[in-house]
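Residues per chain, in single letters:
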Amino acid sequence: MRFFTATVLGLLTSGVAAATNLTTPSRLALPADFKPPQVFKNTNLVRNTNLEKGYVRETVNVVVENVDKQPQTDYYIPFPTDVFERVGGFEVRDKKAAEKGRFKVDVTEAAPSSDNQYFIVHLPEPLAPKSQITLGISYSVLNSLSPRPATIQQSDKQYLAYTFSAYVPSAYQTLTQKTKVKFPSTNVPDYTTTSDLKTGTDPERKGATYTYGPYDTAKVAPGTKYPITVRYEFTNPVTTVNLLERDLEVSHWGGNLATEDRYWLRNNGSELSSQFSRVDWTFSNYQRAPTSAVREITYPLKPGSVDPYFIDDIGNISTSRYRPGNGKTAANLELKPRYPIFGGWNYSFKVGWNNDLAAFLRETTTPDSWVLKVPLIQGFKASEGVQYERVVVRVVLPEGAHNVRFQTVEGSSSNGLPGDNQIHASLSSYKTFMDTLGRTTLTLEVDSLTDEARDAELIVTYDYTFMDALRKPLTIFGGLISVFVAIWAIGNIDVSIKKR
Amino acid sequence: MAQSSLDVLLKGSSGRNTRGLLRIIILLTIAAAAVASRLFSVIRFESIIHEFDPWFNFRATKYLVQNGFYSFWDWFDDRTWHPLGRVTGGTLYPGLMVTSGVIYHILSFLTIPVDIRNVCVLLAPGFSGLTALAMYLLTREMSHSPSAGLLAAAFMGITPGYISRSVAGSYDNEAIAIFLLVFTFFLWIKAVKNGSIMWGALTALFYGYMVSAWGGYVFITNLIPLHVFVLLCMGRYSSRLYISYTTWYALGTLGSMQIPFVGFLPIRNSDHMSALGVFGLIQLVAFAEFVRAYLPGKQFQKLLTSMVFLTFGLGLTGLILLSVTGVIAPWSGRFYSLWDTGYAKIHIPIIASVSEHQPTAWPAFFFDLNFLIWLFPAGVFMCFQNLKDEHVFVIIYAVLSSYFAGVMVRLMLTLTPIVCVAAALALSTILDSFLVMYKPTPESQAKANADKTAKSFSSTKNPVVGIYSYLSKGIVTGSLTIYLLMFVAHCTWVTSNAYSSPSVVLASRLPDGSQHIIDDYREAYYWLRQNTEDNAKIMSWWDYGYQIGGMADRPTLVDNNTWNNTHIATVGKAMSSREEVSYPILRQHDVDYVLVVFGGLLGYSGDDLNKFLWMVRIAEGIWPDEVKERDFFTARGEYRVDDEATPTMKNSLMYKMSYYNYNSLFPAGQAVDRVRGVRLPAESPKLDTLEEAFTSENWIIRIFKVKDLDNFGRDHSNAVAFDKGLKRKRATKKKGPRVLRTE
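Protein chains in written order, with the UniProt record's numbering: chain S, 1 to 500; chain L, 1 to 743.
It is possible that some hints are incorrect.
Cβ-Cβ distance ranges computed for the label pairs, FRET-style [what the hints assert, rightly or not]: (1) L/Pro83 - S/Pro31: 54 to 62 Å; (2) S/Ile490 - L/Phe366: 47 to 55 Å; (3) L/Asp710 - S/Pro31: 53 to 61 Å; (4) L/Pro667 - S/Arg323: 33 to 41 Å; (5) L/Leu110 - S/Asp307: 18 to 26 Å; (6) S/Leu474 - L/Val354: 50 to 58 Å.
The list that follows gives simulated cross-link-like pairs (lysine-lysine, DSS-like), each with its CA atoms no further than 25 Å apart [as the list claims (entries may be wrong)]: (7) L/Lys62 - S/Lys350; (8) L/Lys62 - S/Lys431; (9) L/Lys62 - S/Lys157.
These stretches of chain L come out as covered by chain S in the derived footprint (C-beta under 8 Å, 3 or more residues) [said to hold, decoys possible]: (10) 109 to 115; (11) 529 to 537; (12) 661 to 675.
These are calculated hints, taken from the structure and not from any lab test. Glycine included, C-beta positions come from ideal geometry on N, C-alpha and C.
With the hints as constraints, model all of the structure from the sequences given.
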């Protein structure tokens, strides 16, 4: 676990806004004719492309060798500009020492000369000349699967197409490389076969895994493309959350953590070629036939979650069920949308619940300093995966909380989040329930996430004194007293026009 | 000891304080009970706006809160009555929306986060608590016994006649209007009693508020002048009456004219003429009184006679002239239907088609008022006993509203307050006589006889002495207690069973007794909201217009405002005609989707096929040559939807949309309509110009998309036939009207 030094102003006590790291993640501007310095060589590269879910998940393991005479620290990873914004949860580790945590990664602006944008990986220790390091690069690419055919009948199978380059895009020369593509099933009606890249059949098929390569690409210039398209069955919804707004409200007085998630959801699968037929849906639903529509949403909650609700713009959705779970087992909120969400259809809803704050908050050894550990996005669970285009998490801290810092928890494997420096964090004040100053609110904004980040946790530390806690009772007391005094004073005024 | 400490509390000035405190506590408890008994629907379902009209009020309130008062005032709504639009700001009573807007802004000023929906849902229960308090004040003016006021407040709080329009979620004008009605009457009585300009002005103020809130203000506009007129006829002219009436009329009329929807009606509409007339009359009477003080009797007599003739003649000619030239608007249709219950059915089917405009059935009185209805005449009789000015008011109010309540179901609402007053008067008199420990002694009887004074009514000549026997006291009190308890039980039962259903959501019971919610309306509306173009025009029968506007947020052709009968008839014609006739209508009105309500699968009787005849009738009113009600009945005069349905019926768009593809749910030839309890034809109707877009889970809502024009310029029936691979029919034997292609 690495503590991210996001020092924050004492927002309310000092009144000076001087947050150092709670700002927009900056992007490095590149000179117009920028080319990554050719200081590395990829001796071996294996890319695993996982298409089992509604988005593309890739892990690239690459053995990197320093071919320069100086020790080098910055390794560039290119992506085409149109893909770059859809790359989510980008993470690089030392493959041999994954538990040491992720490397620091910066991003660049698009360079005018090329159509690439780069992730710059900063190796923690400079790589000496001639020595090697194995990088494990993992990320997901959102919205890169297109349904083919684009429109289907209601009970037809759905197929997705994915296009990628047989040569893994890299800024450096690569000696050998191969790509393994994992499909959700063996039903892959169309895929590109290469003839001139290597001897023997390409790809090699083994169950639902297709392997392109290995290719000997020592002679191929970096950035060469060889497009490959695969089309495979995916009769599942391609659930896309256009926007998730999540509010976590901490109440010290009530001992309560209130959570509300607001979803704007869309199914990016094949659209219906003719209109929706209730008869067909009733019958296929009865047989539990696989479908490209979202039929149900399962929402696991922490044990001890109470008062769940499931509403949308026009009120309660009566087709939900809550299984509270007992003691240690997680609770489950089973939600059925008002209508099945077919390809191209939208749905927006809110879910919310309460938790006992004691399970999430504790006071540190320093007095008046608190640590809050909460799930960052939680989200619903679906075997076919969920992609989040944009997530906005608001942590509403009690009125008067100051000196706010945050960090995300990391384990030995990827938590699905980008580095903390890629999370846009800001502090604001939010007035509710007779607040005078407003509650300190930490807002975190992340783009392009997937449901791999479901288990990611957020730690927020802040200072909150006893006097801060007393502010509201005193304000209300003062307010009522002034009302009574005003009434008494007005009651004593003689407004009669009679003579007394 | 206990006795003496009680004495300290109950006697003398501290006794007065104790009773005052008790009264406040009782009133607050009554208000709390009134609010609580209206929350059935929130607890059983959710905090949701009910029925139809409230959805418009809710939408308007949201608009007010979001855009501010002035843009609300100038609101032109282009999302209703497409393509006409509606000048909403000038055609609504803004009182309700402004009230909830003000409450919302106060709460947000105090930074209490309340959803505007919750303000709207809970407004009616909140105001019913206030109504109970106003009722207490009004009744206290009628009786010396404070218990009458408390009883009236309690009755008003829980009587179903009022609850029917004020449960939580029933966000309609009546929600605040009944409070304003009662409170205005209280202020009026106060004004008449005191002859005070202040009370008169307050009456005018609340009258103005009432005008801004509900069209039923006309009731006050006519009742107060009638009260004054009767008092004048009884020879009870006084300066008190003059002051209070002139103050009220001048200020109140000015106030009411500030509402754009009312505007100049108070001086141009026949409904308001009685107030103006009485205003003139009271000036004459005042002048006559003034002159009489200075003239000898004989001359005064002459002057009076000539003046009466002159005024009457002038007034009558003026009125006739103004009516003929059209300066004074003629009586409105709703007004006529108040006097002739058959009027609407013949002339204005759109009024008659609303169930709340039907004449009241007798059991409804007992259902809504329970034992109050038989205490009511007794109470009115007691008003005759000591006939002060305010009692005259009660009598007039009772007579008028009894009649109106008999004519229209919804006017039960205006009857309820006076029933509560009268019943409370009667009951409190009984309780005051019987619920006392005190036993009269012979001396007190003698004393009472000695006190006998000359009163005008024979019934009061023998003063009440008291009841001797504890047994009769016990029996009377006991039976009354039982009646009261039964009343409470009845009110709770009626509220919970009859008046607490949101009607947007239907509840049913599963075999295990748990509640199952049928939520088809919102399912379909939400589908429309999420998955159609923001500007997609939805055509449906006008009943659902407000709900589509509120929940689906899509433009509609017609809605519950029903201001344009022709437009509604156009929709009726589109629904009741053949596809070839309907399609051009749909195209001309930019309709993208057509929404119908179909209860056949579930046995939901309030569906469009059951309302269909009204559509036909309204359309027939405008196009008697093209739509004929007779064609929808079989030769034997039956309204059928099965095999024997008439061809007109089977070809009508409504029939086709309702049953389209319905039989594929059933084994061949066994499709059954559960509402009408008939077996349907084996073949599904064919739709050429529309396609099914969405059908809700229980088939209650069916939405059809209007097809675009065919790419090859064929008409739709040919295109569909071609797609099915049928051979093209020769165009030689062409039947029916030529298809009108638009665009």
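For the segment 661 to 675 of chain L, does the count of residues with a C-beta closer than 8 Å to a C-beta of chain S reach 3? Holds: 3 residues of the segment 661 to 675 of chain L have a Cβ under 8 Å from chain S.
With 50 to 58 Å as the target window, see if S/Leu474 and L/Val354 comply at their CB atoms. holds (56 Å)
If you draw a straight line from the CA of L/Lys62 to the CA of S/Lys350, is it 25 Å or shorter? Measuring from Cα to Cα gives roughly 20 Å; hence the hint holds.
Could you check the hint for me, namely that L/Leu110 and S/Asp307 are 18 to 26 Å apart, CB to CB? Taking Cβ atoms as reference, L/Leu110 and S/Asp307 lie about 24 Å apart, which means the hint holds.
Is 54 to 62 Å right for how far apart the beta carbons of L/Pro83 and S/Pro31 are? holds (58 Å)
Holds or violated: L/Lys62 with S/Lys431, Cα cutoff 25 Å? Between L/Lys62 and S/Lys431 the Cα gap is close to 21 Å, so the pair holds against 25 Å.
Is 33 to 41 Å respected by the C-beta to C-beta distance linking L/Pro667 and S/Arg323? holds (37 Å)
Satisfaction of the hinted span 47 to 55 Å by the C-beta atoms belonging to S/Ile490 and L/Phe366: Distance hint for S/Ile490, L/Phe366 holds at roughly 48 Å.
Are 3 or more residues of the segment 529 to 537 of chain L near chain S, judged by a Cβ distance of less than 8 Å? Three-residue rule met by the segment 529 to 537 of chain L, so holds; n is 3.
Closer than 8 Å Cβ to Cβ for three or more residues is the test here. Does the segment 109 to 115 of chain L pass it with chain S? It holds, with 4 qualifying residues against the three required.
Please work out if L/Lys62 and S/Lys157 have their alpha carbons no farther apart than 25 Å. Since the Cα atoms of L/Lys62 and S/Lys157 sit roughly 44 Å apart, the hinted pair is violated (cutoff 25 Å).
Does the beta carbon distance between L/Asp710 and S/Pro31 stay inside 53 to 61 Å, or does it fall outside? Between L/Asp710 and S/Pro31, where Cβ atoms are some 58 Å apart, the hint holds.
The structure fails hint 9 only (numbered hints given earlier).
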